[in-house]
Amino acid sequence: MSPLLGVRDLAVTFGAQRPLDDVGFRVERGEILGLVGESGSGKSITAMTVMGLLPLVGGRVAAGSIRFEDTELVGLEEPAYRRLRGGRIALITQNPMTSLDPMVRIGRQVDRGARLHLGLDAATARARTLELMERMRIPDAARVCELHPHQLSGGMKQRIVIAMALSGAPDLLIADEPTTALDVIVQAQIVQLLVELVREQRLGLVLITHDMGLVAQACDRVAVMYCGRIVESGPVDTMFAAPRHPYTRALTACIPRPGLRHGDLVGIPGAVPSVAEMPTGCRFHPRCADAMPTCRQHAPRSVAIGADHAVACRLVEPAPEAAP
Amino acid sequence: MTKYAIRRVLALLPVFLVVTGIVFLLIHLVPGDPIDNLVRAGSDPEQRAAIARAYGLDRSLVEQYLTWMGHLAQGDLGTAIVQRRPVADLIAENIGYSLALGGSALAFSAIVGVLAGVVAASFQDRPLDRMLMGAALIGSTVPSFWLGLLMILLFAVELGWVPVSGARHWTSVILPAATVGLAGMALVARVTRIAMVQTARADFVTLLHANGVSRFAIQSRHLLRHALVPVLTLLSLRIGLIVGGSVTVEYVFARPGLGSLLIRAINQRDYPVIQGCLLMLAVAVMLGTLIGDLLQAAMDPRQREEQRS
Numbered sequence: 001m002s003p004l005l006g007v008r009d010l011a012v013t014f015g016a017q018r019p020l021d022d023v024g025f026r027v028e029r030g031e032i033l034g035l036v037g038e039s040g041s042g043k044s045i046t047a048m049t050v051m052g053l054l055p056l057v058g059g060r061v062a063a064g065s066i067r068f069e070d071t072e073l074v075g076l077e078e079p080a081y082r083r084l085r086g087g088r089i090a091l092i093t094q095n096p097m098t099s100l101d102p103m104v105r106i107g108r109q110v111d112r113g114a115r116l117h118l119g120l121d122a123a124t125a126r127a128r129t130l131e132l133m134e135r136m137r138i139p140d141a142a143r144v145c146e147l148h149p150h151q152l153s154g155g156m157k158q159r160i161v162i163a164m165a166l167s168g169a170p171d172l173l174i175a176d177e178p179t180t181a182l183d184v185i186v187q188a189q190i191v192q193l194l195v196e197l198v199r200e201q202r203l204g205l206v207l208i209t210h211d212m213g214l215v216a217q218a219c220d221r222v223a224v225m226y227c228g229r230i231v232e233s234g235p236v237d238t239m240f241a242a243p244r245h246p247y248t249r250a251l252t253a254c255i256p257r258p259g260l261r262h263g264d265l266v267g268i269p270g271a272v273p274s275v276a277e278m279p280t281g282c283r284f285h286p287r288c289a290d291a292m293p294t295c296r297q298h299a300p301r302s303v304a305i306g307a308d309h310a311v312a313c314r315l316v317e318p319a320p321e322a323a324p
Numbered sequence: 001m002t003k004y005a006i007r008r009v010l011a012l013l014p015v016f017l018v019v020t021g022i023v024f025l026l027i028h029l030v031p032g033d034p035i036d037n038l039v040r041a042g043s044d045p046e047q048r049a050a051i052a053r054a055y056g057l058d059r060s061l062v063e064q065y066l067t068w069m070g071h072l073a074q075g076d077l078g079t080a081i082v083q084r085r086p087v088a089d090l091i092a093e094n095i096g097y098s099l100a101l102g103g104s105a106l107a108f109s110a111i112v113g114v115l116a117g118v119v120a121a122s123f124q125d126r127p128l129d130r131m132l133m134g135a136a137l138i139g140s141t142v143p144s145f146w147l148g149l150l151m152i153l154l155f156a157v158e159l160g161w162v163p164v165s166g167a168r169h170w171t172s173v174i175l176p177a178a179t180v181g182l183a184g185m186a187l188v189a190r191v192t193r194i195a196m197v198q199t200a201r202a203d204f205v206t207l208l209h210a211n212g213v214s215r216f217a218i219q220s221r222h223l224l225r226h227a228l229v230p231v232l233t234l235l236s237l238r239i240g241l242i243v244g245g246s247v248t249v250e251y252v253f254a255r256p257g258l259g260s261l262l263i264r265a266i267n268q269r270d271y272p273v274i275q276g277c278l279l280m281l282a283v284a285v286m287l288g289t290l291i292g293d294l295l296q297a298a299m300d301p302r303q304r305e306e307q308r309s
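Quick note, the sequences are listed as chains A and B, same order. Under the working numbering, the letters of the first sequence match residues 1 to 324, in that order. Under the working numbering, the letters of the second sequence match residues 1 to 309, in that order.
Derived by calculation from the structure, the hints in this document are not laboratory data. Every residue gets a Cβ at the ideal spot worked out from N, C-alpha and C, and that includes glycine. Treat the hints loosely; a few may be bogus.
If we take Cβ atoms under 7 Å as the criterion, some of the chain A residues that face chain B in the derived model are [stated by the list, open to error]:
1) L91
2) T93
3) T98
4) L100
5) D101
6) P102
7) M103
8) H150
9) A271
10) V272
Model the full structure from these sequences, guided by the hints.
What follows is the structure, encoded as structure tokens:
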């Protein structure tokens, strides 16, 4: 059976720049894929690309394929894409403060998805909205429906945004840093809600984040992005127990853990290069402690090194355990 | 909302008092007086003093102000010194023309301006957008007296569609209204366009797209509503401007109106008329601001909240 979402060899261009190159990952029903990377690694662009919203920000798919079940999304006509958006694939944005229309009452904003994609009338849509809001543990849902966004806290707003995403009964959720703007306790609650949703309703979830702790806590599989490429992907356990790519190793080393003494936690030297001046060869080589001369010239291909575990690094290619 | 409205109206009272003081002082501090227009050159000081006494001009400014305010409180604007008629009558005669011109100019700039702005925003950075914005730039920089003359030449003299001047028939308001309205239209178009373009970048609009709402529905139902907030503020601020601000255009088209009345009164130093006219204009500006605030509060829930705290 084909996966819920399968992305292969995806490349995106903005004019002469190419912020995404050779991106591939897949998500199954009932699975949470963590898409991890630093700011500027192309995570959000990946989200916009899957949603078919690249033209809004001035980008274009240059190559590759995005399959949603049996539908090819690259090159899909706008009317068909519009039915998918909100109806089959929904987006949860990262800033709940600005993600709701400040001039429209909460209830009407959540109703929209059901009215648009499920063809419900106003009363039935509102009943569904109340149900979803209770599902999101929003107290006093009927009253909240009559409020305007500025009357709610950030955590409440993010619950509303998730309820909005669920309104059209989608199969796939793409959550772009859904908890970044919230405080830690609220973060945990929101993540808990998302995980429950995925498990109960067998949704697919792409959880975009830079928070490795969140990944360890919530995800089934991880794809690590660096400078618009997936450098390593695999099951969470494997990735944390035995990360192979130097970048993944560095990232996991950045997670604070018990027993750590002052000064033990080290960052990754250097900074993410800008899209305008991408390094040649492996894009991580200027910051890589193990870089070899060949890394400067040749971009590594992604190779499978175990069940469901793939790495794009020259160091890994000849490794004996790569053989099946 | 009602509470908010009442508070806004009450807040205008002190403003009104300050305005009366400024209006009064402003003209009395200007050199010259209405007596110059009443007596022949070379008349003796005795005669001047008699006239001054008759109109109370010999008393102190404070006394004069209090008298004026006293009459004003009873709804009496006083009597014109030079034109020798009640100021209220003079204003009543002229304000209709001003309101007709101002109202149609405002309507013209609002409707055409918003439409042009919306079209420009939907074709952002494409030729149609550049064309409209270029036209708006020209519209807002061309002096209205010159534009008025050009329009008279074309539509009244060459084509003969509308009267050249005066205010006898309703068609005579078309050219002056278009002339006054064009500058406002250009401004409204630019504000509408920029507000729509800016709102289009907001996260909630991305989310609307992500929810499968069509581009047209987003533009017409969501972006336009946000864009109208600054446009309404702009238009309500122009209400005052438009009641008395079209003096040059009234002059070009030989139309009666509050502006012309005011200019004539200023030349004659006819204090009661100047005071009456300026007060009308000030009230128009205040009402405009009030209407703008109320409309904004009605449209944007955040506005109401902020005022409450």
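Evaluation of the provided hints:
| no. | hint | result |
| --- | --- | --- |
| 1 | L91 | holds (4 Å) |
| 2 | T93 | holds (5 Å) |
| 3 | T98 | holds (4 Å) |
| 4 | L100 | holds (6 Å) |
| 5 | D101 | holds (5 Å) |
| 6 | P102 | holds (6 Å) |
| 7 | M103 | holds (6 Å) |
| 8 | H150 | holds (5 Å) |
| 9 | A271 | violated (26 Å) |
| 10 | V272 | violated (23 Å) |
This entry does not satisfy hints 9 and 10, going by the numbered hints stated previously.
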